[in-house]
Amino acid sequence: MKETIHVEVLIPVAISAAIKGGEKILEVYQSGAFDVQLKKDNTPVTLADRLSHSTIKKILYNTNLPFLSEEGKEIPYIERKKWDLFWLVDPLDGTKEFIGRNGEFTVNIALIRKKEPVLGVIYVPVQKILYFGAENS
Numbered sequence: 001m002k003e004t005i006h007v008e009v010l011i012p013v014a015i016s017a018a019i020k021g022g023e024k025i026l027e028v029y030q031s032g033a034f035d036v037q038l039k040k041d042n043t044p045v046t047l048a049d050r051l052s053h054s055t056i057k058k059i060l061y062n063t064n065l066p067f068l069s070e071e072g073k074e075i076p077y078i079e080r081k082k083w084d085l086f087w088l089v090d091p092l093d094g095t096k097e098f099i100g101r102n103g104e105f106t107v108n109i110a111l112i113r114k115k116e117p118v119l120g121v122i123y124v125p126v127q128k129i130l131y132f133g134a135e136n137s
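By this note's numbering, the letter at position 60 of the sequence shown is numbered 60, and the numbering carries on one by one without gaps.
Be a bit skeptical, because a hint or two may be false.
Derived CB-CB ranges, DEER-like [claimed, not checked]:
#: 1; residue 1: G32; residue 2: K115; range: 37 to 45 Å
#: 2; residue 1: Q30; residue 2: E8; range: 29 to 37 Å
#: 3; residue 1: I5; residue 2: Q37; range: 19 to 27 Å
#: 4; residue 1: K96; residue 2: L68; range: 15 to 23 Å
List of simulated lysine-lysine pairs, DSBU-like, C-alpha gap at most 30 Å [said to hold, decoys possible]:
#: 5; residue 1: K82; residue 2: K115
#: 6; residue 1: K115; residue 2: K20
#: 7; residue 1: K40; residue 2: K115
#: 8; residue 1: K20; residue 2: K128
#: 9; residue 1: K58; residue 2: K82
#: 10; residue 1: K58; residue 2: K20
#: 11; residue 1: K128; residue 2: K39
#: 12; residue 1: K57; residue 2: K82
#: 13; residue 1: K40; residue 2: K96
#: 14; residue 1: K96; residue 2: K73
#: 15; residue 1: K114; residue 2: K57
#: 16; residue 1: K39; residue 2: K115
#: 17; residue 1: K58; residue 2: K39
#: 18; residue 1: K81; residue 2: K39
#: 19; residue 1: K58; residue 2: K96
#: 20; residue 1: K114; residue 2: K73
#: 21; residue 1: K96; residue 2: K128
#: 22; residue 1: K20; residue 2: K57
Just so you know, these hints were derived from the structure itself, not from any lab. Note that CB positions come from ideal geometry on N, CA and C, so glycine has one too.
All chains, please: the whole structure from these sequences, using the hints.
Next comes the structure, spelled out in structure tokens:
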């Protein structure tokens, strides 16, 4: 029998993951040691992207739900299409803005159920502002 997951119990987990990921981003941002590299698609990726990704993944791992991240390994669609419920993460949205040091970047975490977002968290590390929402809340 499949266990029902109530979205509201995952809100604090997603919020914690976003804030902790944002803290890692700020550490790199303040150090200035960005370690910029290019991904296969010629978009930049930094040490902050990688640290935020690994921090968020460790926290969300405990939910036992699949995890898809812009900075993670590529997971074939044939596997992903079987997921009814999964985390969709951009650990540093706005890498170019991060590199440009304008403060306009975020941590984005969504919980997707049957192709629809049911929970979302956006954290702005520089301003320490957090937005979140969930279905039926």
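We went through each hint and held it up to the structure:
1. Against the hinted window of 37 to 45 Å, the Cβ-Cβ separation of G32 and K115 comes to about 40 Å, which satisfies the hint.
2. The beta-carbon spacing between Q30 and E8, approximately 34 Å, falls within the hinted interval of 29 to 37 Å.
3. I5 and Q37 have their C-beta atoms about 36 Å apart, which leaves the hinted 19 to 27 Å range violated.
4. K96 and L68 have their C-beta atoms about 22 Å apart, which keeps the hinted 15 to 23 Å range intact.
5. Pair hint K82 plus K115 holds up; C-alpha atoms about 11 Å apart against a cutoff of 30 Å.
6. Simply put, K115 and K20 have alpha-carbon atoms about 26 Å apart, close enough for the 30 Å limit, and the pair holds.
7. For the hint pairing K40 with K115, the CA-to-CA distance comes to about 26 Å; that is within 30 Å, so the pair holds.
8. Using a Cα cut-off of 30 Å, the hinted pair K20 and K128 holds, with the two alpha carbons roughly 11 Å apart.
9. As the CA atoms of K58 and K82 are separated by approximately 22 Å, the hinted pair is consistent with the 30 Å bound.
10. The straight-line distance between the Cα atoms of K58 and K20 is roughly 10 Å, inside the 30 Å bound, and the hint therefore holds.
11. This hinted pair checks out: K128 and K39 have alpha carbons roughly 28 Å apart, not beyond 30 Å.
12. Distance restraint check for K57 and K82: the Cα-Cα separation of roughly 20 Å lies within the 30 Å cut-off, and the hinted pair is therefore satisfied.
13. Taking the CA atoms of K40 and K96, the gap is about 16 Å. The hint holds against a cut of 30 Å.
14. A C-alpha spacing of about 21 Å is found between K96 and K73, which places the hinted pair at or below 30 Å, so the restraint holds.
15. A threshold of 30 Å between alpha carbons decides the hint, and for K114 with K57 the separation of about 21 Å falls inside it, so the pair holds.
16. Of the supplied pair hints, the one linking K39 and K115 holds, its CA atoms being roughly 26 Å apart against a limit of 30 Å.
17. With a CA separation close to 23 Å, the supplied pair K58 and K39 stays within the 30 Å bound.
18. Taken as a hint, the K81 and K39 pair is honoured in the structure, with Cα atoms around 24 Å apart against an allowance of 30 Å.
19. Distance hint between K58 and K96 is fulfilled; the C-alpha atoms sit about 25 Å from each other, no more than 30 Å.
20. Of the pairs offered as hints, the one joining K114 and K73 holds, with about 22 Å between alpha carbons and a cut-off of 30 Å not exceeded.
21. At most 30 Å may separate the alpha-carbon atoms for a hinted pair to count; K96 and K128 meet this at roughly 19 Å.
22. Between the alpha carbons of K20 and K57 the distance comes to roughly 11 Å, so the proposed pair stays at or under 30 Å and holds.
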